[in-house]
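Peer 1: Spelled out from the first residue to the last, the chains are:
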Amino acid sequence: MSEAILSIRDLTVEIPTRHGILRPVDGISYDIGRGEVLGIVGESGAGKSMAGNAVIGLLSPPARIAKGEIHVGGTRIDHLKGDAMRRLRGKEIGMVFQDPLTSLNPLLRIGDQLTETILAHLDVSRSEAEKRAVAALDEVGIPGARERINSYPHEFSGGMRQRVVIALALCAEPSLIIADEPTTALDVSVQAQIIALLKSLCRERGTAVMLITHDMGVIAEAADRVAVMYAGKLAELGPVRDVLTTPRHPYTDGLMGSTPLASRGKARLHQIPGAMPRLDALPSGCAFHPRCPYAQDKCSVDPGPDLADGNGAACWFPLPHDAKVA
Amino acid sequence: MTDRQLPPDMPIAVKDPSRLSIALQSDFFYTFKRSPVAIISFAVVVIMVLAAIFAPLVAPYNPFDPASLNLMNGFSRPMTPNAFTGDTFWLGTDDQGRDVFSTILYGMRISLFVGAAAVLFAMILGITLGLLAGYVGGWTETIIMRIADVQLTFPAILVAMLIFGIAKGVTPVEHRDQMAIWVLIIAIGLSDWVQFARVVRGATLVEKNKEYVQAARLIGRRSPAIMVRHILPNVLSPVLVIATISLALAIIAEATLSFLGVGAPPTQPSLGTLIRIGQGFLFSGEWWILLFPAVTLLALALSVNLLGDWLRDALNPRLR
Amino acid sequence: MLAFIIQRIAQSALVLLVVGLVAFSMFSFVGDPIDNMLGQERTQADIDRLRGQLGLDQPFPVQYVKFLGNAVQGNFGISYRQGRPVADILLERAPATLELAAVSGFLAIFMGIGLGVFTAIRREGFAANAIMSLSLIGVSLPTFLIGILLIYLFSVELGWLPSFGRGETVRVGGWTTGFLTESGLKALILPSITLGLYQMTLIMRLVRSEMLEVLRQDYIRFARARGLRERAVNFRHALKNTLVPVITVTGLQLGSIIAFAIITETVFQWPGVGLLFINAIQFVDIPVMAAYLMLISVMFVGINLIVDLLYFSIDPRLRADRTKAH
Numbered sequence: 001m002s003e004a005i006l007s008i009r010d011l012t013v014e015i016p017t018r019h020g021i022l023r024p025v026d027g028i029s030y031d032i033g034r035g036e037v038l039g040i041v042g043e044s045g046a047g048k049s050m051a052g053n054a055v056i057g058l059l060s061p062p063a064r065i066a067k068g069e070i071h072v073g074g075t076r077i078d079h080l081k082g083d084a085m086r087r088l089r090g091k092e093i094g095m096v097f098q099d100p101l102t103s104l105n106p107l108l109r110i111g112d113q114l115t116e117t118i119l120a121h122l123d124v125s126r127s128e129a130e131k132r133a134v135a136a137l138d139e140v141g142i143p144g145a146r147e148r149i150n151s152y153p154h155e156f157s158g159g160m161r162q163r164v165v166i167a168l169a170l171c172a173e174p175s176l177i178i179a180d181e182p183t184t185a186l187d188v189s190v191q192a193q194i195i196a197l198l199k200s201l202c203r204e205r206g207t208a209v210m211l212i213t214h215d216m217g218v219i220a221e222a223a224d225r226v227a228v229m230y231a232g233k234l235a236e237l238g239p240v241r242d243v244l245t246t247p248r249h250p251y252t253d254g255l256m257g258s259t260p261l262a263s264r265g266k267a268r269l270h271q272i273p274g275a276m277p278r279l280d281a282l283p284s285g286c287a288f289h290p291r292c293p294y295a296q297d298k299c300s301v302d303p304g305p306d307l308a309d310g311n312g313a314a315c316w317f318p319l320p321h322d323a324k325v326a
Numbered sequence: 001m002t003d004r005q006l007p008p009d010m011p012i013a014v015k016d017p018s019r020l021s022i023a024l025q026s027d028f029f030y031t032f033k034r035s036p037v038a039i040i041s042f043a044v045v046v047i048m049v050l051a052a053i054f055a056p057l058v059a060p061y062n063p064f065d066p067a068s069l070n071l072m073n074g075f076s077r078p079m080t081p082n083a084f085t086g087d088t089f090w091l092g093t094d095d096q097g098r099d100v101f102s103t104i105l106y107g108m109r110i111s112l113f114v115g116a117a118a119v120l121f122a123m124i125l126g127i128t129l130g131l132l133a134g135y136v137g138g139w140t141e142t143i144i145m146r147i148a149d150v151q152l153t154f155p156a157i158l159v160a161m162l163i164f165g166i167a168k169g170v171t172p173v174e175h176r177d178q179m180a181i182w183v184l185i186i187a188i189g190l191s192d193w194v195q196f197a198r199v200v201r202g203a204t205l206v207e208k209n210k211e212y213v214q215a216a217r218l219i220g221r222r223s224p225a226i227m228v229r230h231i232l233p234n235v236l237s238p239v240l241v242i243a244t245i246s247l248a249l250a251i252i253a254e255a256t257l258s259f260l261g262v263g264a265p266p267t268q269p270s271l272g273t274l275i276r277i278g279q280g281f282l283f284s285g286e287w288w289i290l291l292f293p294a295v296t297l298l299a300l301a302l303s304v305n306l307l308g309d310w311l312r313d314a315l316n317p318r319l320r
Numbered sequence: 001m002l003a004f005i006i007q008r009i010a011q012s013a014l015v016l017l018v019v020g021l022v023a024f025s026m027f028s029f030v031g032d033p034i035d036n037m038l039g040q041e042r043t044q045a046d047i048d049r050l051r052g053q054l055g056l057d058q059p060f061p062v063q064y065v066k067f068l069g070n071a072v073q074g075n076f077g078i079s080y081r082q083g084r085p086v087a088d089i090l091l092e093r094a095p096a097t098l099e100l101a102a103v104s105g106f107l108a109i110f111m112g113i114g115l116g117v118f119t120a121i122r123r124e125g126f127a128a129n130a131i132m133s134l135s136l137i138g139v140s141l142p143t144f145l146i147g148i149l150l151i152y153l154f155s156v157e158l159g160w161l162p163s164f165g166r167g168e169t170v171r172v173g174g175w176t177t178g179f180l181t182e183s184g185l186k187a188l189i190l191p192s193i194t195l196g197l198y199q200m201t202l203i204m205r206l207v208r209s210e211m212l213e214v215l216r217q218d219y220i221r222f223a224r225a226r227g228l229r230e231r232a233v234n235f236r237h238a239l240k241n242t243l244v245p246v247i248t249v250t251g252l253q254l255g256s257i258i259a260f261a262i263i264t265e266t267v268f269q270w271p272g273v274g275l276l277f278i279n280a281i282q283f284v285d286i287p288v289m290a291a292y293l294m295l296i297s298v299m300f301v302g303i304n305l306i307v308d309l310l311y312f313s314i315d316p317r318l319r320a321d322r323t324k325a326h
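Chains as they are written, first to last, in our numbering: chain A, 1 to 326; chain B, 1 to 320; chain C, 1 to 326.
Hints listed in this document are in silico derivations from the structure and should not be mistaken for laboratory results. Using N, Cα and C, we set each Cβ at its ideal position, and we do this for glycine too. Do not rely on the hints blindly, as some may be mistaken.
Which residues of chain C face chain B? A partial, calculated answer using Cβ under 8 Å [said to hold, decoys possible]:
id: 1; residue: 281
id: 2; residue: 299
id: 3; residue: 301
Listed below are the simulated DSS-like cross-link pairs for lysine-lysine, each with C-alpha atoms no more than 27 Å apart in a straight line [as the list claims (entries may be wrong)]:
id: 4; chain 1: A; residue 1: 131; chain 2: C; residue 2: 66
id: 5; chain 1: A; residue 1: 91; chain 2: A; residue 2: 67
id: 6; chain 1: A; residue 1: 131; chain 2: A; residue 2: 199
id: 7; chain 1: C; residue 1: 66; chain 2: A; residue 2: 91
id: 8; chain 1: A; residue 1: 67; chain 2: A; residue 2: 131
The whole structure should be built from the sequences, with the hints applied where relevant.
Peer 2: Okay, here's the thing in structure tokens:
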């Protein structure tokens, strides 16, 4: 069993505001191993992106890591600041953002953007860096890489741009990639290609991937394990097949029921009543209990149990209910 | 638990919160209370406005009543008894024996009056043209916005100077001093209407397509009524910010024009005119004739500017 | 793109024609040139003769065209006040204004951009906040007040610098310059600070706000996520993107330096075209007013046009239709 590339323990992010302290990330823990893709799924505002930002150290003030530990490649990094953290970014941890159009500086050629990243982290000559830049473009499937290296971002289509972004994230050879909604801004036809590309590249290099998305389809396609987030906490965590086919947390069950699947045929989509609570108006106990069809008294008092290492649901009465002891 | 004994089924009357208390609890007032800059500048502006309005009551002398002037009082130093007459003036006197403190109060009057009137003029003109351009569209809009663009190529001060110069040329000499203030107001106002027009036009275009306007149209309300009753209130917020900043600019513009000699005349001097007069005495040592009007103008302009800046930040939805 | 250029030039020409019309109308309707040129003792025959000579009996449009024709050839008539050709007077006094404007412009640009970048990068620091507060004063203080206060401090109290005039000037060809003498250079200091301060403050605040806006962009975040040094992020990425819109506005600002010179020249009795204009207004010297107006307009319209075209050529996105991707 290889040592985890990314290890998060009890991570909590706090934002002090006029109305009190908000916790977009509240005590989450998970590991990602070499070459493994962990999908983080949840509705908008559940805290998925915040966790990713915390790992790479790009939380915008006043948000800050209040508790917990983050380890990358065995080294603790959550307390690092300034230049120490900067050295890790790109070199150990890479990130891919949602919108490829705004991720690239419109006034710089992509070749320049690639070589500067390579030169910042790897000790190579400029001409060597340029060669690697062309190779990187090639690897992500841009045809005619040698000529396109001198193009500007606006001269590429959306899907091509995201490939360039992936090339940029991988060119300094990080051991972990955080992909924050990498396909949301793309055409459906292109999404599958990008996911496949990301998956194959990372598998080849053994890069760990934190794949953040709200799209269950992407999770099913790309992830090995999946973590479901709700109102800042982890609701469920487990291998993708298990979680998607036999979800244990009622919330996950609701999510699966509201996702269109070919297998369901024409059956009506189920809708979870209500909406995810705002961070400044969290219910007592388990945050999901007001919307949960199986809620009991205990649920409004005690938030769910801690997840057993790497697997399980944060629910007092996990599904399937016929297996429960009364 | 309350200690009042009420029958259990009696509804307890709850007073609707008054509009004032709603305002006082709003985010806007909160940021105001929190910002010392805003409070101080607001206070300064209020004091100056009051001083200017009540100048005849507050000023110890009327500097423009020839009968009350005593040339022997000329060039008195601040807070020092005059060698000839024994009178003491807080801020000294100028070459004609006028009390500097009083001239400043009356000067502020003119400065504020011209500034406010000019902005009001610019607002009315700009808002009207902006509403027209946005609502009517077509050639009207194109013409108005083209004129606006062209006028923007030139600095406002230059436009104001030109208008003043032309007006001066067509007025007979005897009336020039009297007309100067009004010409000044019109000149500064005309040089400033464009930004109001632009903002209002933009907002009008946005509001025009909203449902409530279309509804008003459907039930047969006439265009001017729609524009004024429905669109105007929605446009007030950005206009307010621009107005405050315009006021500061208008006050500075008036001061500059008067300083250059193409503004308020010495018979009805504004702070700018006073500074012009004061500059003449700089080298001969009577520094107070220049300094006090200068500091007053500085305080006034600074306060209005700071207030406008703060207002802009407070009303900017993006920064919240 | 050619269409764009032609349209802009046509627009500019139209504006100039309108300005010409305004200038010409001033001649026709303001004051009476006959009054100004003939003394009290004039007969109707004198008036008629002069009328014919000056072409004042011709219809309006004809006079207008003649007027324009003259203007284009540099003939602006005779100054009412000085009795000399306006063109000569203008040429004599132009170098003074131009030198002053040039020095002020350099000051404004370099200090403005420098301080703007500094206060954007170090936005929380004490120095930055102090500079921003001072800049607010710079914007609120009328130019003439700055000049007067500078005179008070450096001429009256300290006696270091002259309070009026250009000092000694040297004729070089058709140009009189103050750069070559010590007194000339000394005389330039206070006026150029006065003239440049307002522009510098504006540029500084513009650069700062543009840069802050740019620093909020996704591509800056992505650059940080790739672990680029702060220096590279600030100067290679942010600055370049900041300067593009700044150039447009700055160009327009600099044009107005020549107009604002009117004020500075009055404060310091600087013998340039600005002071000439003010005196002309006070004496209702129409020919001088009209000539100044037209020249200034040509300058403003010209600058506007150049800046528009410049902007067009700098931003690669606007050139998209020329460099298509292969």
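Peer 1: If a hint holds in the structure, say so; if it does not, say that too.
Peer 2: Here is what the structure says about each hint:
no.	hint	in the structure
1	281	4 Å, holds
2	299	10 Å, violated
3	301	6 Å, holds
4	A:131 x C:66	68 Å, violated
5	A:91 x A:67	25 Å, holds
6	A:131 x A:199	24 Å, holds
7	C:66 x A:91	73 Å, violated
8	A:67 x A:131	43 Å, violated
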